[in-house]
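Chains A and B, in that order, give the protein sequences.
Counting in our numbering, the first sequence runs from 1 upward without gaps.
Counting in our numbering, the second sequence runs from 1 upward without gaps.
Incorrect hints may appear among the rest.
Stated by the list, open to error - Distance condition first, Cα-Cα at most 27 angstroms in a straight line; then the derived BS3-like pairs of lysine-lysine:
1) LYS68(B) with LYS57(B)
2) LYS15(B) with LYS57(B)
3) LYS53(A) with LYS70(A)
4) LYS15(B) with LYS68(B)
5) LYS68(B) with LYS58(B)
6) LYS42(B) with LYS57(B)
7) LYS57(A) with LYS70(A)
8) LYS111(B) with LYS68(B)
9) LYS5(B) with LYS11(A)
10) LYS42(B) with LYS70(A)
11) LYS57(A) with LYS42(B)
12) LYS57(B) with LYS57(A)
No lab work stands behind these hints: they were computed from the structure.
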Amino acid sequence: DAGITQSPRHKVTETGTPVTLRCHQTENHRYMYWYRQDPGHGLRLIHYSYGVKDTDKGEVSDGYSVSRSKTEDFLLTLESATSSQTSVYFCAASPGLGSNEQFFGPGTRLTVL
Amino acid sequence: QQQVKQSPQSLIVQKGGISIINCAYENTAFDYFPWYQQFPGKGPALLIAIRPDVSEKKEGRFTISFNKSAKQFSLHIMDSQPGDSATYFCAASPNAGNMLTFGGGTRLMVKP
Chain A
1 DAGITQSPRH KVTETGTPVT LRCHQTENHR YMYWYRQDPG HGLRLIHYSY
51 GVKDTDKGEV SDGYSVSRSK TEDFLLTLES ATSSQTSVYF CAASPGLGSN
101 EQFFGPGTRL TVL
Chain B
1 QQQVKQSPQS LIVQKGGISI INCAYENTAF DYFPWYQQFP GKGPALLIAI
51 RPDVSEKKEG RFTISFNKSA KQFSLHIMDS QPGDSATYFC AASPNAGNML
101 TFGGGTRLMV KP
């Protein structure tokens, strides 16, 4: 898993509250990604980062924001959580430089009541 | 818009049988086609990948077959084992970067 950790691993929150998920990597990979996994939809890209403070939107970015102040950390924030954001969230990292392989973290299960 | 379509959604195979999962893509700019394997409670992990300059790639019991003209690729698991029971995702990436577009996933169960 290339030293990728996610925290928290499980979270239950209420509609309207802000939530921040953290991804930490120890491999100094340039690219980092946040996905959500829902049954029948596979993994859908929320946001990605191609360097410190360089981020861009993915396929399902509405309601989410990200920040990357250090190479090793990539934060995903739900400004005001909704029930439709109940999902399993995965962080991934990739070295780039001709390598397309992405290394995934263990996931965070988020439930919004 | 789902650019990578995967089938079937679920698959049950007897031990020793062949598991076959298919994917089709639309974007002709895709030139990297990996398969990821995910066990319950874990993140996906790269299993095997192919680029379109070859029609087949084999690693142990796992083979990718690639048909560029049909824009389709498939994963074959030979001599399937109960330990292969997992969810499998196909994906595709354009030559310009590292963005992966994933298929919807196939839950494979191999019965002993």
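Okay, the hints, checked on the actual structure:
Under the criterion of a C-alpha separation no larger than 27 angstroms, the hint pairing LYS68(B) with LYS57(B) is consistent with the structure, at around 14 angstroms. Taking the CA atoms of LYS15(B) and LYS57(B), the gap is near 23 angstroms; set against the 27 angstroms cutoff, the hint holds. The suggested pairing of LYS53(A) with LYS70(A) holds, with an alpha-carbon distance near 8 angstroms, which does not exceed 27 angstroms. For the proposed pair LYS15(B) and LYS68(B), the alpha carbon gap of about 31 angstroms is over 27 angstroms, so the pair is violated.
Using a Cα cut-off of 27 angstroms, the hinted pair LYS68(B) and LYS58(B) holds, with the two alpha carbons roughly 17 angstroms apart. A hinted pair counts as satisfied when its Cα atoms are at most 27 angstroms apart, and LYS42(B) with LYS57(B) qualifies at roughly 26 angstroms. Distance hint between LYS57(A) and LYS70(A) is fulfilled; the C-alpha atoms sit about 19 angstroms from each other, no more than 27 angstroms. The suggested pairing of LYS111(B) with LYS68(B) is violated, with an alpha-carbon distance near 33 angstroms, which exceeds 27 angstroms.
A C-alpha spacing of about 31 angstroms is found between LYS5(B) and LYS11(A), which places the hinted pair above 27 angstroms, so the restraint is violated. Distance hint between LYS42(B) and LYS70(A) is fulfilled; the C-alpha atoms sit about 25 angstroms from each other, no more than 27 angstroms. With a C-alpha separation of about 25 angstroms, the suggested pairing of LYS57(A) with LYS42(B) holds against the 27 angstroms cut-off. Between LYS57(B) and LYS57(A), the direct Cα distance comes to roughly 33 angstroms. Violation of the 27 angstroms bound is thereby established for this hinted pair.
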